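Enquirer: Protein chains in written order, with this note's numbering: chain P, 136 to 329; chain A, 17 to 175.
Hints were generated in silico from the structure; no laboratory data involved. Among the clues, some could well be false.
As the list claims (entries may be wrong) - Below are the DMTMM-like pairs computed for lysine to aspartate or glutamate, each with C-alpha atoms no more than 25 angstroms apart in a straight line:
no.	chain 1	residue 1	chain 2	residue 2
1	P	Lys229	A	Glu150
2	P	Lys206	A	Glu146
3	A	Lys30	P	Glu287
4	P	Lys268	A	Glu146
5	P	Lys206	A	Glu91
6	P	Lys229	A	Glu144
7	P	Lys296	P	Glu257
8	P	Lys178	A	Glu166
9	P	Lys229	P	Glu250
10	P	Lys320	A	Glu91
11	A	Lys30	P	Glu145
12	A	Lys50	A	Glu91
13	P	Lys260	A	Glu89
14	P	Lys320	A	Glu150
15	P	Lys206	P	Glu257
16	A	Lys50	P	Glu198
17	P	Lys206	A	Asp65
18	P	Lys260	P	Asp279
19	P	Lys176	A	Asp63
20	P	Lys178	A	Glu98
21	P	Lys260	A	Glu91
22	P	Lys316	A	Glu167
23	P	Lys296	A	Glu102
24	P	Lys178	A	Asp65
25	P	Lys176	A	Asp165
26	A	Lys50	A	Asp165
27	A	Lys85	P	Glu256
28	A	Lys132	A	Asp119
29	P	Lys328	A	Glu89
30	A	Lys50	P	Glu325
31	A	Lys85	P	Glu257
32	P	Lys316	A	Asp165
Everything numeric in this text was worked out from a predicted model, so none of it was measured.
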Amino acid sequence: MTFINYASREINCKIVYYGPGLCGKTTNLQHIYDATAPQAKGKLISLATETDRTLFFDFMPLELGTVRGFKTRFHLYTVPGQVFYEASRKLILKGVDGVVFVADSQEERMDANIESLYNLEENLKSHGYDLMKIPYVLQLNKRDLPNVITMEDLAAELQRKGEPVVEAVASTGVGVFDTLKAVAKQVLTELRKS
Amino acid sequence: MPILIREQRYHHIKALLARLRLDASARVVVLVEKDGQQIAAHGEVGDLDTTSLASLVAGNVAATGGMAKLIGEKEFPTLSHEGDKESIHISVIGRVLLVVVFDQRSSLGLVKLRSKQISQELAAAFAEIERESELPGAASGLPFSEITDEEIDSLFVQN
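Can you build the whole structure from these sequences, using the hints too?
Expert: This is the structure:
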């Protein structure tokens, strides 16, 4: 839920990166963190297992700049991708303003993508949101790997509503900011409508 | 629908937090919305990252709320974490979370008592914010209705 504070002149929005296990959600955040100037970001908090798998969530606040005298701050979250962390995944979606679905482009991960996308729709519904109505971007990650499905085939299977589709290699940063920009733009456009 | 915090409400909440901080001899007092957004903070904030604290507190409360449901409770209304020097006490007040960070200058008992005493006023103040946010046309006076695509694009230029 977007917070607009007139006294501190701030807009705060929440964006959640969703997707199957090991698709690169945390890698997206890590790249944004590494590539952002220190004054524009807070800490990157990772609640992860000893093997660096996300246990609860990753979080980082990112300040993008000023619009009409208001500082715009985006709170970026990831969810744990592994199927059995369902309860924590659901909690993170509370109050979300925009969602990025990070799909793993590898052929053998197609089923995991479909299952996770279905899971996203269900969990959004449980909080009273409709995927068809909220700001949403589909990122096709890991485009540098050899066994990837074509962008057309992935989009045909995973695209839900004509949302922006961004090809990415999060490990090197390709497409990461394009994805963030696409979702942030929709969130701010929603604000314009309200 | 965005939550709109008007200046007058913000200063009222800050004043309540200041009073609590004094009465409870606390280091920092933070008011957080249940989804993880910080509403206001007061005290010896220094380099304490209250934004991250807010998101972790909300995650903490959400997780323990989930645990409560598993054992047949609605929720746990208070949570305390006691460290060697610094401690945290969290009260769930409807949709907001009152977070008190305190050290040896105070005690858990005092913090609990003072938090409880001020909770109704804080709940009422946030209820007013919610009510104002839901009024028809509440956001109509916002400057954002005229944001241009170019302005949004310009936010990303430096990145």
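Enquirer: Does each hint hold? Answer for all of them.
Expert: Each hint tested on the structure:
| no. | hint | in the structure |
| --- | --- | --- |
| 1 | P:Lys229 <-> A:Glu150 | holds (19 angstroms) |
| 2 | P:Lys206 <-> A:Glu146 | holds (22 angstroms) |
| 3 | A:Lys30 <-> P:Glu287 | violated (53 angstroms) |
| 4 | P:Lys268 <-> A:Glu146 | holds (23 angstroms) |
| 5 | P:Lys206 <-> A:Glu91 | violated (35 angstroms) |
| 6 | P:Lys229 <-> A:Glu144 | holds (21 angstroms) |
| 7 | P:Lys296 <-> P:Glu257 | holds (16 angstroms) |
| 8 | P:Lys178 <-> A:Glu166 | violated (29 angstroms) |
| 9 | P:Lys229 <-> P:Glu250 | holds (20 angstroms) |
| 10 | P:Lys320 <-> A:Glu91 | violated (36 angstroms) |
| 11 | A:Lys30 <-> P:Glu145 | holds (16 angstroms) |
| 12 | A:Lys50 <-> A:Glu91 | holds (13 angstroms) |
| 13 | P:Lys260 <-> A:Glu89 | holds (24 angstroms) |
| 14 | P:Lys320 <-> A:Glu150 | holds (24 angstroms) |
| 15 | P:Lys206 <-> P:Glu257 | violated (33 angstroms) |
| 16 | A:Lys50 <-> P:Glu198 | holds (21 angstroms) |
| 17 | P:Lys206 <-> A:Asp65 | holds (18 angstroms) |
| 18 | P:Lys260 <-> P:Asp279 | violated (34 angstroms) |
| 19 | P:Lys176 <-> A:Asp63 | holds (14 angstroms) |
| 20 | P:Lys178 <-> A:Glu98 | holds (23 angstroms) |
| 21 | P:Lys260 <-> A:Glu91 | holds (22 angstroms) |
| 22 | P:Lys316 <-> A:Glu167 | holds (12 angstroms) |
| 23 | P:Lys296 <-> A:Glu102 | violated (49 angstroms) |
| 24 | P:Lys178 <-> A:Asp65 | holds (8 angstroms) |
| 25 | P:Lys176 <-> A:Asp165 | holds (24 angstroms) |
| 26 | A:Lys50 <-> A:Asp165 | violated (32 angstroms) |
| 27 | A:Lys85 <-> P:Glu256 | holds (23 angstroms) |
| 28 | A:Lys132 <-> A:Asp119 | holds (19 angstroms) |
| 29 | P:Lys328 <-> A:Glu89 | violated (40 angstroms) |
| 30 | A:Lys50 <-> P:Glu325 | holds (22 angstroms) |
| 31 | A:Lys85 <-> P:Glu257 | holds (20 angstroms) |
| 32 | P:Lys316 <-> A:Asp165 | holds (12 angstroms) |
Hint violations for this structure: numbers 3, 5, 8, 10, 15, 18, 23, 26 and 29, all remaining hints satisfied.
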